[in-house]
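**Student:** Sequential numbering from 4 applies to the first sequence in my numbering.
No false leads were mixed into what you were given.
Capping the alpha-carbon separation at 20 Å, the derived lysine to any residue pairs in SDA-like fashion look like this:
| id | residue 1 | residue 2 |
| --- | --- | --- |
| 1 | 255 | 265 |
| 2 | 262 | 201 |
| 3 | 292 | 266 |
| 4 | 78 | 280 |
| 5 | 170 | 185 |
| 6 | 171 | 210 |
| 7 | 25 | 67 |
| 8 | 262 | 281 |
| 9 | 219 | 290 |
Each pair of labels, with its calculated beta carbon distance range:
| id | residue 1 | residue 2 | range |
| --- | --- | --- | --- |
| 10 | 28 | 130 | 20 to 30 Å |
| 11 | 35 | 219 | 40 to 50 Å |
| 12 | 275 | 119 | 47 to 57 Å |
| 13 | 292 | 116 | 46 to 56 Å |
| 14 | 43 | 216 | 46 to 56 Å |
| 15 | 223 | 25 | 40 to 50 Å |
| 16 | 146 | 116 | 28 to 38 Å |
| 17 | 46 | 223 | 39 to 49 Å |
| 18 | 154 | 272 | 26 to 36 Å |
| 19 | 158 | 101 | 32 to 42 Å |
These are calculated hints, taken from the structure and not from any lab test. Owing to the predicted nature of the structure, the values given are computational and were not obtained by experimental measurement. Even for Gly, the Cβ is constructed at its ideal location relative to N, Cα and C.
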Amino acid sequence: MPELPEVETVRFGLQEFMPTQKVISATCDWPKSLAISEALMASKLIGATVQSVQRRGKLIIMPLSSGYSILIHLKMTGQLVYRPKSGRGFGGGHPNASLVDKLPDKSTRVIMELTRGTLFFNDQRKFGWVKLEPSDGLYQNNAFLKKLGPEPLEDSYTFEQFGSALKKRSKTSIKAALLDQTVLAGVGNIYADESLFMARIHPLTKVGDVSAVKLKRLFNAVREVMSLSISLGGSSDRNYVDAKGNKGSYLKFAQVFRKEGSACPNCGHKIIKIRAAGRGTHICPHCQKVPKLAG
DNA sequence: CACTTGACCTGTCCGC
DNA sequence: TGCGGACAGGTCAAGT
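Turn these sequences into a full structure, and let the hints guide you.
**Tutor:** The structure is reproduced here in structure tokens:
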């Protein structure tokens with residue numbers, strides 16, 4: 004579930020704590036979660052200082068003084084939670100003191116000791132990972148970053164970029180195209196469903212059959228939905244929390260996601276759940292209709 | 001090449 | 001109450 008708004012919320016939280024801290028040690032309970040060789044860890048991670056916390060799509064990037072960058076993908080159930088050493092940072096009164104104090108727990112995969120605190124990478128389903136790659140040329144050399152589409156919330160992102168990326172995917176469903184990280188970066192299942200509802204487009208509509216008016220609506224909807232979610236701290240279903248262990252509140256405002264059986268806020272018809280692009284998909288069958296095929 | 005499906009995992013929920 | 005199976009969803013590999 005961590006999609007762009009959740010990852011951005013995590014990044015924002017970590018940015019407060021991580022820069023200028025030195026990595027003292029890194030240990031893991033599941034080798035795939037910390038995919039860094041012993042030699043690289045010893046020479047480029049331990050003793051290096053974190054310079055900043057960045058995000059590209061759903062990926063967290065932390066450049067180090069060693070010339071390497073820590074890359075972290077949360078995939079579905081990943082959490083990055085920071086705990087300061089006692090007497091600093093959050094203070095005794097912060098609302099998730101109990102959650103943070105319980106770490107590590109059985110889903111903790113990586114523990115990174117820092118100068119002034121500890122970073123926990125928790126990941127119930129073990130799909131996420133922490134890697135280390137050279138900062139120089141990272142965006143050209145990393146296979147994932149190299150083909151990642153534009154950042155939808157950048158001011159420089161245009162409808163023309165959105166439209167031309169979609170032209171190459173005209174035979175696939177609009178939902179599959181939105182989830183394709185090479186079309187645009189950061190949209191996952193929640194925001195795909197929410198923005199398709201906002202734009203009144205059925206998720207199984209072929210990209211080539213979506214009218215120009217609706218495509219423009221969708222372009223705006225993606226940005227609106229994700230901006231709103233960032234302002235609400237993201238979406239917390241089961242697992243997601245931010246760097247301080249706080250949940251996000253966006254799902255309270257969701258119109259269709261996980262709302263099957265309840266009334267559509269636009270027309271009152273019942274929201275239903277279908278399958279599209281291999282994923283559970285939530286629509287209002289009255290507001291979102293597949294266009295009738297000609298002939 | 002365009003596109004879809006299965007694998008990677010664990011925890012939860014549902015039906016019997 | 002226990003057990004099997006479906007499901008959750010980001011990305012890559014493998015398949016059509």
